[in-house]
Amino acid sequence: MKNTIKVERAILDLTQEELAQKIGVSRQTISSIEKNRYVPSTVLALKMSKLFNKPVNDFFSLTTED
Amino acid sequence: MEIHEIISPLVILFIIAIFIVIKPKKDIREPAVENKIKLLPYWFKYIGMIVAVIGFVLNFVVDINYPNIEREYLIFTMVFGLLIFALSSEKSEDELLKQIRANSIFSAFFIGILIHLILLFLNHWIGGPIKEYSSIYVIGWMLGVYIGTFYSAKKRLKTLNSMDY
Numbered sequence: 001m002k003n004t005i006k007v008e009r010a011i012l013d014l015t016q017e018e019l020a021q022k023i024g025v026s027r028q029t030i031s032s033i034e035k036n037r038y039v040p041s042t043v044l045a046l047k048m049s050k051l052f053n054k055p056v057n058d059f060f061s062l063t064t065e066d
Numbered sequence: 001m002e003i004h005e006i007i008s009p010l011v012i013l014f015i016i017a018i019f020i021v022i023k024p025k026k027d028i029r030e031p032a033v034e035n036k037i038k039l040l041p042y043w044f045k046y047i048g049m050i051v052a053v054i055g056f057v058l059n060f061v062v063d064i065n066y067p068n069i070e071r072e073y074l075i076f077t078m079v080f081g082l083l084i085f086a087l088s089s090e091k092s093e094d095e096l097l098k099q100i101r102a103n104s105i106f107s108a109f110f111i112g113i114l115i116h117l118i119l120l121f122l123n124h125w126i127g128g129p130i131k132e133y134s135s136i137y138v139i140g141w142m143l144g145v146y147i148g149t150f151y152s153a154k155k156r157l158k159t160l161n162s163m164d165y
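First to last, the sequence lines map onto chains A and B.
Counting in the working numbering, the first sequence runs from 1 upward without gaps.
Counting in the working numbering, the second sequence runs from 1 upward without gaps.
No wet-lab data here; the hints were simulated from the structure.
Mixed in with the good hints, there may be bad ones.
Said to hold, decoys possible - Lysine to any residue pairs mimicking SDA-like chemistry, simulated, CA-CA at most 25 Å apart:
#1 A:50 / B:30
#2 A:2 / B:73
#3 A:54 / A:38
#4 A:50 / B:95
#5 A:35 / A:15
To be verified - Covered stretches of chain B, as calculated for chain A (at least 3 residues, CB under 8 Å):
#6 82-88
#7 95-105
Said to hold, decoys possible - Here's a subset of chain A near chain B, in silico, CB distances under 7 Å, partners left out:
#8 26
#9 29
#10 31
#11 38
Glycine included, each C-beta is placed from N, C-alpha and C at the ideal position.
Input sequences plus hints: build the corresponding full structure.
The following block contains the structure:
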């Protein structure tokens, strides 16, 4: 799975820390998701979707390995 | 078979039976598999650490100076401290940490058993009695491996995330 959270974050001009606070996780979690080391739960993905005001499919997508 | 060998399992079974009876019925619409791990507050970590260190240090002091005191009690203190330490939450506990915790518990459980079996085998091989190893050592191994795996995984993730590539 790959994602464009870094881009979405840049659009809203948020740091990792700020995004983490807004959706109630640690900065380490955001960092891990951005670097594809952790696949977030559906709840967390939907929280991001609400914040970015975009469907989840717009910033998470499957790769050929999935 | 001695009387306490029969009574203690019965007591445990009785306690489990009580829990089954008083357990509230769950709503059928609630998810059956939930990520609901309740942990002790953050500051319990320090209490656990202090208790474990006291047990560990006394273990050596007593061994040298007072050979007639039971060492099992001190090992018990140490394991109890480790248990509190292992059960206390981190400053920011979220789903990623819960995942790392679950993974660490999985490996600690099986590695703990494996270490114990190997030690039992080695002890038996060199001619020691198998009964010498009490269950407190298995628990100790499991807790030790759990704490080790959890913190090393956390640190490794932090290091990997801080690297730019």
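Verification of the supplied hints:
1. A threshold of 25 Å between alpha carbons decides the hint, and for residue 50 of chain A with residue 30 of chain B the separation of about 24 Å falls inside it, so the pair holds.
2. With a C-alpha separation of about 52 Å, the suggested pair residue 2 of chain A and residue 73 of chain B falls outside the 25 Å cut-off, and the hint is violated.
3. Pair hint residue 54 of chain A plus residue 38 of chain A holds up; C-alpha atoms about 21 Å apart against a cutoff of 25 Å.
4. For a cut-off of 25 Å, the pair hint linking residue 50 of chain A to residue 95 of chain B stands: about 19 Å separates their Cα positions.
5. As the CA atoms of residue 35 of chain A and residue 15 of chain A are separated by approximately 15 Å, the hinted pair is consistent with the 25 Å bound.
6. For the stretch 82-88 of chain B, the stated coverage by chain A is violated: 0 residues have a C-beta nearer than 8 Å to a C-beta of that chain, whereas at least 3 were required.
7. Against chain A, the stretch 95-105 of chain B contributes 4 residues with a C-beta closer than 8 Å to a partner C-beta. That satisfies the three-residue criterion, and the hint holds.
8. The beta carbon of residue 26 of chain A comes within 4 Å of a beta carbon in chain B, closer than 7 Å, and the hint placing it at the interface holds.
9. At a threshold of 7 Å, the smallest CB-CB gap from residue 29 of chain A to chain B is about 4 Å, leaving the interface hint in force.
10. The beta carbon of residue 31 of chain A comes within 4 Å of a beta carbon in chain B, closer than 7 Å, and the hint placing it at the interface holds.
11. Given the 7 Å rule on beta carbons, the hint for residue 38 of chain A holds: about 5 Å separates it from the nearest Cβ of chain B.
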